[in-house]
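Protein chains: 2
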Amino acid sequence: MTRVSRRGLLLGGAAAGGAALGGGGVALALRDGDAPASADADEQATYPFEGEHQAGITTPVQRHLYFAAYDLTANATRDDLRTLLEDWTEAARHLAQGREVGETGAVGGSPLAPPEDTGEALGLGPNGLTITFGLGPALFEPGRLGLEKKRPALFEPLPSFALELLDEATSGGDLCVQACANDPQVAVHAIRNLSRIAFGRAQIRWAQLGYGRTSSTTRDQATPRNLMGFKDGTRNIKADEADELAAHVWSGGEGQDWFAGGTYLVTRKIQMLIESWDRTRLDEQEAIIGRDKGKGAPLSGDTEFTEPDFEAVSTATGDKAIPMDAHVRLAHPDFNTGQRMLRRGYNYVEGNNALGQTSAGLFFIAFQKSPRQFIDIQNALARDPLNEYIRHVASGFFAVPRGVRGGEHVAQDLFA
Amino acid sequence: MTRVSRRGLLLGGAAAGGAALGGGGVALALRDGDAPASADADEQATYPFEGEHQAGITTPVQRHLYFAAYDLTANATRDDLRTLLEDWTEAARHLAQGREVGETGAVGGSPLAPPEDTGEALGLGPNGLTITFGLGPALFEPGRLGLEKKRPALFEPLPSFALELLDEATSGGDLCVQACANDPQVAVHAIRNLSRIAFGRAQIRWAQLGYGRTSSTTRDQATPRNLMGFKDGTRNIKADEADELAAHVWSGGEGQDWFAGGTYLVTRKIQMLIESWDRTRLDEQEAIIGRDKGKGAPLSGDTEFTEPDFEAVSTATGDKAIPMDAHVRLAHPDFNTGQRMLRRGYNYVEGNNALGQTSAGLFFIAFQKSPRQFIDIQNALARDPLNEYIRHVASGFFAVPRGVRGGEHVAQDLFA
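Chains as they are written, first to last, in the UniProt record's numbering: chain A, 1 to 416; chain B, 1 to 416.
If you're looking for bench data, these hints aren't it; they were derived computationally from the structure.
Bear in mind the structure is a predicted one, so any value in this text is a computation, not a measurement.
Watch out, some of these pointers could steer you wrong.
Note that the list lumps identical chains together, so a pair holds whenever it fits in one copy or between two copies.
Claimed, not checked - Okay, derived cross-link-like pairs now, DMTMM-like style, lysine to aspartate or glutamate, Cα gap no bigger than 25 Å in a straight line:
(1) Lys295 to Asp413
(2) Lys295 to Asp40
(3) Lys295 to Glu43
(4) Lys295 to Glu275
(5) Lys149 to Glu43
(6) Lys320 to Asp40
(7) Lys320 to Asp334
(8) Lys149 to Glu388
Whole structure, please, built from the sequences with the hints as guidance.
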């Protein structure tokens with residue numbers, strides 16, 4: 001049998017150079033020894049894995065998402081968790097540079113052994129891959145792993161919310177990994193290989209593919225549209241808003257070193273009843289959202305980025321221009337004690353259900369300093385008429401440790 | 001309520017200009033009056049909707065797929081089918097130019113009516129969208145729609161194949177629409193709006209999202225990799241191989257005008273047992289496929305595009321370099337009376353199943369002049385050791401009418 005290259009070994013050589021990457025900028029890298037398939041900037045982008053905070057939170061939102069939640073195996077110990085996070089960190093360092101996992105990759109090593117890497121991302125650029133790790137509340141349960149003293153005080157399971165219809169099998173989890181990339185195959189490849197590495201210590205509980213980001217974290221990204229056809233995330237916190245990030249996103253740690261510079265991650269799978277929505281009058285759609293469908297301007301007028309004027313009155317009707325129960329009003333910081341979240345959701349479409357309805361909606365992801373931000377705003381949305389057209393069908397809640405520096409592994413302080 | 005733009009009306013004005021597009025080249029178009037979000041060539045690409053053959057077959061393979069199969073409603077008549085194809089053709093002309101469906105789009109028309117277009121593709125470029133229509137064999141059943149005399153002689157339901165485990169609910173269908181685009185939201189938007197237009201005449205039976213093309217139709221596209229990590233589609237028929245297309249893809253019509261220049265479309269949802277595959281030795285993976293995993297060269301040596309030498313003997317083992325049951329040998333034209341297919345499949349990933357295994361694989365799409373091409377090759381693959389790692393879980397079979405010209409609608413001759 002002829003093997004014309006040992007790409008994994010070539011990569012081993014490239015690794016030393018790759019390790020010099022870092023800092024705040026965007027560097028270029030190649031996945032393997034082949035010529036790059038494209039010089040496209042989105043394909044060749046890389047983001048540093050190390051930093052004060054984990055990547056994939058304020059990073060410019062990539063085009064595609066693969067999100068996985070894992071459960072530890074029944075008999076896993078604290079040491080299993082520690083070695084898993086060590087191994088995942090090592091693999092993530094490779095992946096974030098557009099490299100394969102392991103030292104011998106997909107086609108190196110012994111032909112008598114399974115390849116270390118699954119290989120489907122060979123020839124693809126790094127595609128701006130970021131990998132973000134989170135820990136579920138159950139890891140800190142007393143008597144389970146001996147981590148109860150490491151639990152941030154606010155880190156308790158989310159309460160129940162009005163109207164939610166959660167599927168347990170696709171909710172929760174002991175650990176999560178958010179992989180974002182400009183190519184879906186690169187995001188899926190990352191999760192798949194991290195799952196292989198977890199074998200015997202943790203297995204996937206649920207996973208979610210998303211596309212079409214529904215928010216921006218930088219001002220040069222146009223505001224995308226969700227599957228209701230409206231611009232979504234206009235008022236999202238941006239990466240350059242240091243004061244807002246400090247106030248709303250980055251945790252001081254609640255006394256836990258591993259969480260200082262971390263944040264809380266909430267996911268909600270929000271099914272949209274799009275066939276019903278699509279039969280709704282345009283003016284009703286706009287009244288429910290509180291924004292114009294075309295430009296995305298608040299119904300009080302002007303442009304997408306104009307602050308809503310909640311007191312403005314429609315001359316035509318004599319009522320408030322932005323209805324009292326409009327989504328934009330109910331969710332606005334002015335009516336939620338100033339609270340904001342950093343959002344990073346994606347659209348999803350998964351064929352159709354047994355009733356012939358499209359299985360589609362928003363995979364909502366938000367980062368916040370305190371779970372109260374999500375809880376309070378979600379409670380305020382209980383009277384949102386949008387609820388006629390959406391269902392929260394799955395939920396995830398994780399604490400995202402601070403970023404790693406100088407060769408640390410993720411959540412290293414957890415085991416100190 | 002303020003509405004700052006009537007983008008649909010702007011589009012009405014743009015439509016006349018858009019109609020001048022056509023011919024064999026790639027033109028530029030904008031979805032709405034906004035500045036384009038990107039000058040990216042993939043985003044701004046358009047392909048002509050009219051032509052001798054339908055688009056989306058030899059068109060350079062786009063990055064994303066949304067494929068839908070529809071059933072006619074129980075009491076639908078031949079006239080319902082005809083008007084549906086008329087309406088779909090009209091909408092597809094708009095969509096292929098990167099425009100919204102209808103005359104008033106997503107934000108024009110009366111605010112008291114539901115918008116004509118669902119709106120989620122506003123602001124996105126045309127993204128090379130192609131829409132390809134097909135007809136299922138059940139449309140031609142005697143006594144159903146009066147179309148029995150229009151049935152091509154070879155157009156009968158596919159036989160059963162060894163080892164397949166087909167799910168009826170996600171197989172078959174009276175009609176199909178293949179939407180391919182460089183942005184998944186554009187492909188999903190097309191199917192969603194065609195489904196709305198079909199309301200009362202047909203509804204979606206099943207739909208499939210795909211990403212990461214697994215074949216190329218032009219020589220400048222690098223061969224992509226499937227989820228087994230191998231290059232896939234190396235030997236695919238290319239758009240510039242006129243003799244091969246005439247010999248293997250384009251039908252002479254079998255006496256039916258509507259089918260002259262058409263082709264048969266087969267879809268197979270092929271679940272991969274990737275966890276098992278990933279634990280297989282590299283040399284076994286390569287022996288099963290018959291190709292090197294790194295470069296994609298046949299195991300008889302040289303480069304990806306070297307013809308396999310099926311007689312070559314391995315000096316190490318004394319056996320054939322390409323094993324007698326290797327996939328590349330079993331599927332090769334030399335062992336299948338010269339038969340070839342034009343392939344256009346995509347990878348899919350859909351979270352994981354109840355056993356914790358990844359639900360992922362290949363959504364196989366192939367176009368061929370005769371169903372025998374698929375049937376004979378699939379039968380030859382019954383003894384493929386790859387079957388240990390794959391399951392055919394869904395199947396579709398459709399006759400794709402010739403392309404439309406001069407304002408015709410799809411399958412117009414069917415009703416002559």
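Hint check:
no. : hint             : in the structure
1   : Lys295 to Asp413 : neither (47 Å within a copy, 43 Å between copies)
2   : Lys295 to Asp40  : between (29 Å within a copy, 22 Å between copies)
3   : Lys295 to Glu43  : between (30 Å within a copy, 21 Å between copies)
4   : Lys295 to Glu275 : within (23 Å within a copy, 46 Å between copies)
5   : Lys149 to Glu43  : neither (43 Å within a copy, 51 Å between copies)
6   : Lys320 to Asp40  : neither (47 Å within a copy, 42 Å between copies)
7   : Lys320 to Asp334 : within (16 Å within a copy, 74 Å between copies)
8   : Lys149 to Glu388 : neither (42 Å within a copy, 48 Å between copies)
Against the hints set out earlier in the document, violations occur for numbers 1, 5, 6 and 8.
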